[in-house]
Amino acid sequence: MMRALWPLMRRDIAAAWSGGGAWLPVIFLFLVASLYPFAVGPDARLLGATGGGMLWIAALLAALLPIERLIAPDVESGVIDQCLVRGISDEIIVLAKLIAHWLSFGPPLMITALPASALLKLDAGTLIRLEIGLALGTPALAALGVLVAALTAGLRSASAIAGLLALPLAVPLLIFGAGALHEGSGAALKFLAAIALLLIAITPIAAGAAMRAGRE
Amino acid sequence: MIVSVSGLACIRGGRRLYAGLEFTLAAGESLRLTGPNGVGKSSLIRQICGLLPCTEGSISLSASPALADERAALDADRRLGEALRFWARLDSAPSDLLDQAIERMGLDALAELPVRMLSTGQRKRAALARVLASGAALWLLDEPGNGLDDASLGALGRAMDAHVAGGGTIIAASHFDLPHSFTRSIDLRYCAP
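Line by line, the protein sequences are chains A and B. 208 is the number that my numbering gives to position 205 of the first sequence; each next residue is one higher, with no gaps. 97 is the number that my numbering gives to position 87 of the second sequence; each next residue is one higher, with no gaps.
Because the hints were derived from the structure by calculation, they are not lab data. Treat each hint with caution, since some may be false.
Said to hold, decoys possible - Here chain B is said to cover these stretches of chain A; the calculated rule only asks that three of the stretch's residues, wherever they fall, bring their Cβ under 8 Å from a Cβ of chain B:
hint	region
1	17-28
2	88-101
3	168-179
Claimed, not checked - Selected chain B positions facing chain A (in silico; Cβ < 7 Å):
hint	residue
4	I21
5	C59
6	R81
7	A83
Claimed, not checked - Here are the simulated distance ranges between beta carbons:
hint	chain 1	residue 1	chain 2	residue 2	range
8	B	H185	A	S37	56 to 64 Å
9	A	A121	B	D109	51 to 59 Å
10	B	G48	A	G166	31 to 39 Å
11	A	I205	B	R22	28 to 36 Å
12	B	G48	A	I205	34 to 42 Å
13	A	E79	B	A119	25 to 33 Å
14	A	S92	B	D87	24 to 32 Å
15	A	I205	B	D87	25 to 33 Å
16	B	A36	A	S92	28 to 36 Å
17	B	A119	A	L34	43 to 51 Å
Here a beta-carbon is modelled for each residue, glycine too, at the ideal position from N, C-alpha and C.
Chain A with its partners taken away, still in its complex shape (with noise of 0.2 Å):
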C-alpha cells in the first residue's frame, strides 16, 4: 500500500507546478511583502518590528489559497474511486496529498521569505527564527489546508466555507509562529512544534473519515 505513494506524491507536485498553482502562494507572499512598506510608510524601525508578524499573515493566507484544487478535482473526476477500488487507503491518498501539498508551497514560501524579509527591513536573527518558524508551520498549513479540503469537498461555495473553518484552526500556529520572532523565545518554536506534530498526526486519519462519509 505504502509504494503507491511516491506515484500519487508525484503526480499532485507534478499538477501543482504545470497547472501554475504553485506559483501562487509565493506572487501572493511577495506582493503583501512590497505593498506592506507603502502602507505604513518606509519608518525601517517600524516595518523591521512589524515585517515579520505580517509575512506570518500572508504565509497563512498563501497556504489557503490553493485548498480548492487539493481534493474536489480528484473526488470530482474519479481518480480518488480508481485509487480506492486499487486497494489504496483513504488515509495513505490524504497522507500523500499533504506531502505533495507541503512540497508544492512550504519550500518554495520559505525561499520567497529572503527577499521579502529585505523589502520588510527584517534584521538577520529575525529572519533566520522567521524561516525556523516556517519551517517548522509550513507542514502543519499543510496538513490543515488537507484537512479542510477533505471536508468540504464537494460542497457547493466550498472555498468560502474553508477559509471559516481554516482560519481558526491557524490562529495557534500564527500565535506562536509570530511570537517565535522574538530573540529567546525558544518556548514558542516548542509550542509550534507541537502544533504541526499534532495536524500533521491527525490529518490523514480525520481527512480519511470525511472522505469516507462523503462517498455514502
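Start from chain A and add chain B according to the hints.
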C-alpha cells in the same frame, strides 16, 4: 469462485434498491446487469468494488477488480499516454499490456493528445483501455458502451471476448445490447424488495 454475493441489499437515500441478491461467478464467466434507470446497476457495481458499504449481506472477491464507470479518472492536462501510464504503473502491470490496450481501443493516434481535447467517446475508450491495461482478472464495467461508435463497440466486444476466453470475469451494466455473449444475466428489476 471469483465473485460470490449472498443476501446483498443496497439502501440509497433511505430507499432499498434491491435485496436478497445472490449470485456467484467463476473464472471465464461474464454477467450482464440490466434493468431500467435507477434500479441500482451502478450501485451494485460500486458495492462490489468496495466504494459503497455493504450493510446487509456479503460480497467476497478472490481477484483484484478494475473499474470503468462514467468518469475516466484521467488528468485533463496530461497527454493521454502518460495519463494511462500513471494507472498502469500503480497497477504494476507490464508495459506491453498498456501498449496493447491502447492499440485495441484504437487510441494509438491520440496518445500524444492532452486528455481535455478528447471527445466523449474517446474518453470512454480511454477508460476502457485503463481497465484492459490493468491486468486485473475481474472487470467491472458501468455502461461501457455509452458514447461509443459501432467500430469502438466492436473493439470493446472483442476485448471482452478475449478476456473471458483467457479466464477473466466480467460484470457489465448496460441498458442496451453489447457485442459480447454474456454467460449470465440478471435483471435487477426482479430483485427489488
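- Please name the hints from earlier in the document that this structure breaks, with their numbers sorted from lowest to highest. 3, 4
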